[in-house]
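> Chain residues, written in single-letter form:
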Amino acid sequence: MAISKKARPFEWARKHLLGLRELSRDELLYVLDTAAGFEEVSKREVKKTPALRGKLIVNLFFEDSTRTRNSFTLAASRLSADVINFTSKESSVSKGESLLDTARNLEALGVDIVIIRHNAGGAPTFLSRNINACVVNAGDGYCEHPTQGLLDAYTIRKHKGGLKGLKIAIVGDIAHSRVARSDMWAMTKLGAEVIFVGPPTLMPAEVGKLPVTVSYSLDDCIEKIDVINMLRIQFERQSGNPFPSVREYSHYFGLTVDRMKRAKPDIMVMHPGPINRGLEMESEVADGKNSVILEQVSNGVAVRMAALFLVNQAAAQKATEK
Amino acid sequence: MKAILNDKQIDKILKELADRIIKDNADSRNIAIVGIRSRGEILAQRLSQKLSEKLGRTVSCGTLDITLYRDDLNSPQQNNQPKVRPTEIGFDIDDKVIILVDDVLYTGRSARAAMAALIDFGRPKTIRLAVLVERAGREVPIQADYAGYKADVKPGKLVSVFLAESDGKEQVVIE
Chain A
223 MAISKKARPF
233 EWARKHLLGL
243 RELSRDELLY
253 VLDTAAGFEE
263 VSKREVKKTP
273 ALRGKLIVNL
283 FFEDSTRTRN
293 SFTLAASRLS
303 ADVINFTSKE
313 SSVSKGESLL
323 DTARNLEALG
333 VDIVIIRHNA
343 GGAPTFLSRN
353 INACVVNAGD
363 GYCEHPTQGL
373 LDAYTIRKHK
383 GGLKGLKIAI
393 VGDIAHSRVA
403 RSDMWAMTKL
413 GAEVIFVGPP
423 TLMPAEVGKL
433 PVTVSYSLDD
443 CIEKIDVINM
453 LRIQFERQSG
463 NPFPSVREYS
473 HYFGLTVDRM
483 KRAKPDIMVM
493 HPGPINRGLE
503 MESEVADGKN
513 SVILEQVSNG
523 VAVRMAALFL
533 VNQAAAQKAT
543 EK
Chain B
131 MKAILNDKQI
141 DKILKELADR
151 IIKDNADSRN
161 IAIVGIRSRG
171 EILAQRLSQK
181 LSEKLGRTVS
191 CGTLDITLYR
201 DDLNSPQQNN
211 QPKVRPTEIG
221 FDIDDKVIIL
231 VDDVLYTGRS
241 ARAAMAALID
251 FGRPKTIRLA
261 VLVERAGREV
271 PIQADYAGYK
281 ADVKPGKLVS
291 VFLAESDGKE
301 QVVIE
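Sequence lines, in order, name chains A and B. Using my numbering, the first residue of the first sequence is number 223, and each one after it goes up by one. Using my numbering, the first residue of the second sequence is number 131, and each one after it goes up by one.
In case anyone wonders, no lab produced these hints; they're calculated from the structure. Ideal placement from N, C-alpha and C gives every residue a C-beta, glycine not left out. No incorrect hints appear here.
Calculated cross-link-like contacts (lysine to aspartate or glutamate; reagent style DMTMM-like; alpha-carbon spacing at most 20 Å): (1) A:Lys269 - B:Asp222; (2) A:Lys411 - A:Glu233; (3) A:Lys270 - B:Glu218; (4) A:Lys269 - B:Glu218; (5) A:Lys265 - B:Asp222; (6) A:Lys270 - B:Asp250; (7) B:Lys145 - B:Glu295; (8) B:Lys184 - B:Asp141; (9) A:Lys382 - A:Asp248.
For the chain B half of the interface with chain A, some residues (derived, Cβ under 8 Å), not all of them: (10) Leu198; (11) Pro216; (12) Phe251.
All chains should be modelled from the sequences, with the hints used to inform the complete structure.
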């Protein structure tokens, strides 16, 4: 695995992790290198380190999520931080409290890091401008899901040594996918070529302005790609009928055993989860030798530990500068 | 800047340390070496090589990254931002005699952090501390079991260790 031997002449200075669009290539590599240091912690007898002892972390989730929230909770626990879960359904948000008031209340409890997921794009940025705590974006609208983009890049880097020159296809519901966007920023900055694949109805309106190529046919590109990331069709976010039927979508854009026969033998098959088996991907492929889907889940904990550790480091540094 | 050790002296000190470690541990089968990143890692590898040659068997050697156990993570950083790197201990430390290796023993805080990190991997029989250079300035009650060279250094001065693998030269200087 490619971990640079010499320390980069570089300091991590961000106390918020809001998106990957704003990160430089050096910053991305710094997080990935740091995550490599954390991966081993989960294999120890005592899977805990004291790095964030006494810190309070809040999972502030305005959208349903199990795996991302659990992953963040586990990451925080392995750094010895205390974690409060705050979900909108069982909280005062359902009673009409504003985001800012909710956050200020949490701040009064002494929270150090807020991990926020919100259906409105930009909510994490808004929060970061109005509270003192560190803010980590766990998904906002259709904008970004930075830790997912980082863990995808981490997983690819681990297998391929780096991302430079790789052809990476992101397939499916691009329009509703913050994962696709964060992946795109991370992967292109690290030197990969990203292809968005899907029906025109599931492409974002602004796709022409993004640093990607677009393909409306998976069959046209399956043979030349090194990594394929299959997105879930987000039925809960769709209005109208983006495709005639689920079967037709699956026929044209599903990753089937037949399509895999035409792919490179060492193609990496990824999925951010949860999988709709038989829809975007056949079970044999999801469980096959090219699949790194479960590895993505384990790597997610290491990447999130790195993110929490680094924002806290930057906050400690800023506090002393004042 | 004043040079206090050269390449030959460094090598001689490591040989002496290896001899003393063997002499003190009648049951040498349990000995394993763990170096503290980054220069302790290099010294640990050299020490384990010397022990392996003398004992005629491979002495396990691992590397400890103590960043996450430092007591100054939330304090002002004097030097560079600490970068987390993997700890690599590829053997079971339970019931072993672990020789912790570092380049310089100064405040003792690194050794304290290293011990805290080490016991998260298991329960060694004993932990010993071996350093290339020992100097005054302890801030915690920790002493070296094996000190290669005792440097008389005034407060405010710095002992710097340069090793071929990381710095391209072999030298210990007082700056």
